[in-house]
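For the protein sequence lines, the chains are B and W, in the order given.
In terms of our numbering, the first sequence opens at residue 1 and continues consecutively.
In terms of our numbering, the second sequence opens at residue 1001 and continues consecutively.
No wet-lab data here; the hints were simulated from the structure.
Values in this document were obtained by computation on a predicted structure and should not be read as measured data.
Take the hints with a grain of salt, since some may be wrong.
[What the hints assert, rightly or not] Think about it this way: if two alpha-carbon atoms lie no more than 35 Å apart in a straight line, the pair counts; the simulated DSBU-like pairs of lysine-lysine are:
{"hint": "1", "chain 1": "B", "residue 1": "K68", "chain 2": "W", "residue 2": "K1011"}
{"hint": "2", "chain 1": "W", "residue 1": "K1015", "chain 2": "B", "residue 2": "K68"}
{"hint": "3", "chain 1": "B", "residue 1": "K42", "chain 2": "B", "residue 2": "K68"}
{"hint": "4", "chain 1": "B", "residue 1": "K113", "chain 2": "B", "residue 2": "K42"}
[Stated by the list, open to error] Ranges of calculated distance between the beta carbons of each label pair, as one might list FRET restraints:
{"hint": "5", "chain 1": "B", "residue 1": "P14", "chain 2": "W", "residue 2": "L1039", "range": "41 to 51 Å"}
{"hint": "6", "chain 1": "W", "residue 1": "G1071", "chain 2": "B", "residue 2": "P14", "range": "49 to 59 Å"}
{"hint": "7", "chain 1": "W", "residue 1": "G1051", "chain 2": "B", "residue 2": "H95", "range": "19 to 29 Å"}
[As the list claims (entries may be wrong)] With the Cβ distance kept under 7 Å, some of the chain B side facing chain W (calculated, not the full set):
{"hint": "8", "residue": "S46"}
{"hint": "9", "residue": "F104"}
{"hint": "10", "residue": "G106"}
{"hint": "11", "residue": "R109"}
{"hint": "12", "residue": "M111"}
Where a beta carbon is used, it is the ideal one built from N, C-alpha and C, also for glycine.
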Amino acid sequence: KQEVTQIPAALSVPEGENLVLNCSFTDSAIYNLQWFRQDPGKGLTSLLLIQSSQREQTSGRLNASLDKSSGRSTLYIAASQPGDSATYLCAVRPHNNAGNMLTFGGGTRLMVKP
Amino acid sequence: GAGVSQSPSNKVTEKGKDVELRCDPISGHTALYWYRQSLGQGLEFLIYFQGNSAPDKSGLPSDRFSAERTGGSVSTLTIQRTQQEDSAVYLCASSPDRRGTQYFGPGTRLLVL
């Protein structure tokens, strides 16, 4: 059974810092990995999706990397802003045809202080 | 364009009552998913619909939970004889196909008293 772990569970940084959020998964047979952002009381917003054949994806100040063989992904946020404060979730989709669902990590709650 | 919408946004019910939660996916998306987010359990998959294929119900926690998708669009998640442990946020997502990016709705917050 796939298990996804995110470290740290919570993180507080001053505005302007660069930061890294970590995600690890136990089964490397994945189809893709997706990073989401969730604001309090809201749904999930997709940030980046990395296919299993890719090493990284970039969108603005965000960069996500994937090392499938070691079961790890990182989300790098450059020059953090208070508006980045949210919970960040990573999720993996299995490679086999029988699996359609995403398996989520527990999330990292990020607070960026002005 | 319009995103995934869900209704109601909040629902309070008494233990033992049935509830129906609605999801309107993005137009043209063939895949639709239901997830549950509860304290201590994180985000869990419940059920998946793809086109006219039989749904993947492998995540439903008990036979009190069921879901339908009519006409390949709107979906309803029904919880019968609700229990307090059913209290959670129920999230719906859709994607253009079975492998694409999933787009989530705002969720329905269910509280069972």
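Against the structure, the hints come out as follows:
no.	hint	verdict
1	B:K68 x W:K1011	violated (40 Å)
2	W:K1015 x B:K68	violated (44 Å)
3	B:K42 x B:K68	holds (30 Å)
4	B:K113 x B:K42	holds (21 Å)
5	B:P14 x W:L1039: 41 to 51 Å	violated (29 Å)
6	W:G1071 x B:P14: 49 to 59 Å	holds (51 Å)
7	W:G1051 x B:H95: 19 to 29 Å	holds (21 Å)
8	S46	holds (5 Å)
9	F104	holds (4 Å)
10	G106	holds (5 Å)
11	R109	violated (13 Å)
12	M111	violated (19 Å)
Taken one by one, the earlier hints fail for this structure at numbers 1, 2, 5, 11 and 12, listed in ascending order.
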